[in-house]
Amino acid sequence: MTTMPASQAQGQAGTASGDILLEVNNLKMYFPVTSGLIFQRATGYVKAVDGISFFVRRGETLGLVGESGCGKTTTGRCILQLYKPTSGSIKFEGTELTSLNTNQMRTMRRKMQVIFQDPYSSLNPRMTTGNIIGEPLIVHNMVSNKEEYKERVGELLRHVGLNPYMADRFPHEFSGGQRQRIGVARALSVNPEFIVADEPVSALDVSIQAQIINLMEELQEKFSLTYLFIAHDLAVVRHISDRVGVMYLGRLMEVSDRNEIYINPIHPYTKALLSAVPIPDPIADAQRERILMTGEVPSPLNPPSGCVFHPRCPLATEKCSQVVPQLREVENNHWAACINVPGYGET
Amino acid sequence: MATLLEVKDLRTQFFTFSGVVKAVDGITYEVEEGETLGLVGESGCGKSVSALSLMRLIPDPPGKIVGGEVLFEGEDILRLDMDDMRRIRGAKMAMVFQEPMTSLNPVLTLERQLSETLQLHKGMTREQGRKEAVNLLARVGIPDPERRVRQYPHQFSGGMRQRVMIAMALSCNPKLIIADEPTTALDVTIQAQILELMKSLTREFGVALIVITHNLGVVARYADRVNIMYAGKIIERGTARQIYSNPRHPYTVGLLKSVPRLDQPRRAKLDPIEGQPPDLVNVPLGCAFRARCRWAVDKCATDTPPLMSVEDGHWSACWRTEDLGTSALDVNARGPATSANGNASAPAS
Ligand SMILES: Nc1ncnc2c1ncn2[C@@H]1O[C@H](COP(=O)(O)OP(=O)(O)OP(=O)(O)O)[C@@H](O)[C@H]1O
Ligand SMILES: Nc1ncnc2c1ncn2[C@@H]1O[C@H](COP(=O)(O)OP(=O)(O)OP(=O)(O)O)[C@@H](O)[C@H]1O
Ligand SMILES: [Mg+2]
Ligand SMILES: [Mg+2]
Chain A
1 MTTMPASQAQ GQAGTASGDI LLEVNNLKMY FPVTSGLIFQ RATGYVKAVD GISFFVRRGE
61 TLGLVGESGC GKTTTGRCIL QLYKPTSGSI KFEGTELTSL NTNQMRTMRR KMQVIFQDPY
121 SSLNPRMTTG NIIGEPLIVH NMVSNKEEYK ERVGELLRHV GLNPYMADRF PHEFSGGQRQ
181 RIGVARALSV NPEFIVADEP VSALDVSIQA QIINLMEELQ EKFSLTYLFI AHDLAVVRHI
241 SDRVGVMYLG RLMEVSDRNE IYINPIHPYT KALLSAVPIP DPIADAQRER ILMTGEVPSP
301 LNPPSGCVFH PRCPLATEKC SQVVPQLREV ENNHWAACIN VPGYGET
Chain B
1 MATLLEVKDL RTQFFTFSGV VKAVDGITYE VEEGETLGLV GESGCGKSVS ALSLMRLIPD
61 PPGKIVGGEV LFEGEDILRL DMDDMRRIRG AKMAMVFQEP MTSLNPVLTL ERQLSETLQL
121 HKGMTREQGR KEAVNLLARV GIPDPERRVR QYPHQFSGGM RQRVMIAMAL SCNPKLIIAD
181 EPTTALDVTI QAQILELMKS LTREFGVALI VITHNLGVVA RYADRVNIMY AGKIIERGTA
241 RQIYSNPRHP YTVGLLKSVP RLDQPRRAKL DPIEGQPPDL VNVPLGCAFR ARCRWAVDKC
301 ATDTPPLMSV EDGHWSACWR TEDLGTSALD VNARGPATSA NGNASAPAS
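Protein chains in written order, with my numbering: chain A, 1 to 347; chain B, 1 to 349.
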């Protein structure tokens, strides 16, 4: 029985470390909550991410799911060094990102792009669509003249299902879904290696979701892109991910293969999450077992003791409020952080 | 059940520099008292504009309701002056938006916001308004409402804010609530809670609900009837069972086939609807879906199909409705017109 800390946790990792593009170890991101007008004092911490470890192989997609506020976006932003983590290690192609200086990080950033969650605020309202998409091309010197620039922007627009003539329009002239596609095109523009896609298709119509997902998969294959795919649509996550991690209140609760985690969910939280997904078929949906979880995710400012899920957990025992469960390999290649599941072993 | 809302040939347009956007282009439907109607369709197809038109909240300029009738309890609200409309809007129909922060005032406590609405629309005193505000928060499942009511919107989580929005919508006992993507920004367990809440409250109080969403699962679970919209028009309408088990418009079929389903094995590739919806400034002649349709025939390029009856309570706006049997949903079916030569414009047999 191994506990997670990534380096040894993934039996696979030890043998094929060359495959690992990104390795996150015991990552913590605490945001200080301050008070006092002149001398700001930290009076507490929001434990947005509280000791998570995982790895992402080159060319694969790791899906990250979990309830609002559980730390998915923060995890993504820490990886991109948009936040300076409180502690922990983030290795990208073997380079420790947390110790890079600004210049070194700027070079690194071309390899790591992000697609944002919110299509309304992530686009500069005063820039034309063409310039929003093309800006990174200029920043990173990726085109040599105006024709090439225009052509590339047009091509990117077509990739995401927009018309090249829309390059002259401004974001407010597009509906929410169309704006999100502009964000996807912008991220793709610099041919990155790694993309943190933070709810990239949540705002899109399903037929377009399927196009973007197929497109992301095609591009992934073509350029061996690696994705960290954050989403709350579990069906979409299962489709696009090779492996899936389930987060809750700053912790990873379960990590496994996409099929394994859906066919054989182990953690009680994963089970509840899966059962909350409505199936697009009234007849099939009515036949599914439903576990309606009560309550909300507790505040990360004051997380419950022991297992953070225990106040909402149907399996919770007294011990759960005392012991912090570790992510352990409870079945082959299947990691879960719950002391009450078979295979967890001694606490 | 009595008819609460009748929308007849509603048309809303935006007059922009690039031309006239026909955002809502002649839609007709009705909503029964207490029913839940799902409104589904592609991004930009006019769902929000059609909802805002019902509330007469279209920004003018550039927008204008240019035609049609909206009969609410038999009265054409498009003819009301703005004062009367404001009265109806607060008291009889309410709206819940996707992004609660845009409709909550960030500098006022919930108590102020809720009680002001109640004072305005229900003639309550300040004190009554305050009491009712606490009641409302309790009713939508916000723990410790006495304390929470004195907090500001930013002190609430996304799911909690959406509960607050529902509380506000319910505050004046409306007959109709229009929820525009009420749970899109929320994750699934909270979505389930919010939708269960809306469903039980609408049942309890007999409130009709129009839910705008692109989540076909949500519609399947919660809607009684469904309108599928495309390019400013309703292209299919029926009960949820009819729409999901016997879709009769190629667009609906395409939608159902493009979603991954948790209850089925993972498919190697998703099956999207290729292409993109038309620009509503230049909607082509004939059927607007034609360019993306695997079933299209010549007639589709020239004649715009109206909603035609398929079975009792089920309409589809497709010239080839008859040819779309139940096999259309088969994962492998690509539409008979394409099976021979892969060319979507093959003539009908
Ligand atoms: N800059 C910040 N300062 C303080 N607290 C923050 C900051 N960013 C995030 N948080 C808090 O950290 C927690 C995790 O937030 P995060 O945005 O990572 O969640 P998420 O899983 O992405 O949620 P969602 O599904 O709603 O996007 C939340 O409680 C949030 O309020
Ligand atoms: N203020 C405006 N000015 C110009 N055009 C507008 C305006 N508001 C909406 N439109 C256009 O009207 C059409 C319908 O928009 P609407 O917001 O109703 O779409 P929707 O179906 O709600 O899409 P989504 O799923 O993305 O929310 C779109 O083509 C949009 O570009
Ligand atoms: Mg997030
Ligand atoms: Mg909308």
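No lab work stands behind these hints: they were computed from the structure. Mixed in with the good hints there might be a few duds.
Claimed, not checked - What the simulated footprint calls covered on chain A by chain B, stretch by stretch (three residues with Cβ under 8 Å from a Cβ of chain B suffice, anywhere in the stretch; the number is not a length):
no., stretch
1, 52-61
2, 209-219
3, 274-283
Quantities reported herein were computed from a predicted structural model and do not represent experimental measurements. Glycine residues also receive a C-beta, built at the ideal position from the N, C-alpha and C atoms.
Here's how the hints hold up against the structure:
1. 52-61: violated (count 0)
2. 209-219: holds (count 6)
3. 274-283: Three-residue rule met by the stretch 274-283 of chain A, so holds; n is 9.
When held up to the earlier numbered hints, the structure conflicts with hint 1 and nothing else.
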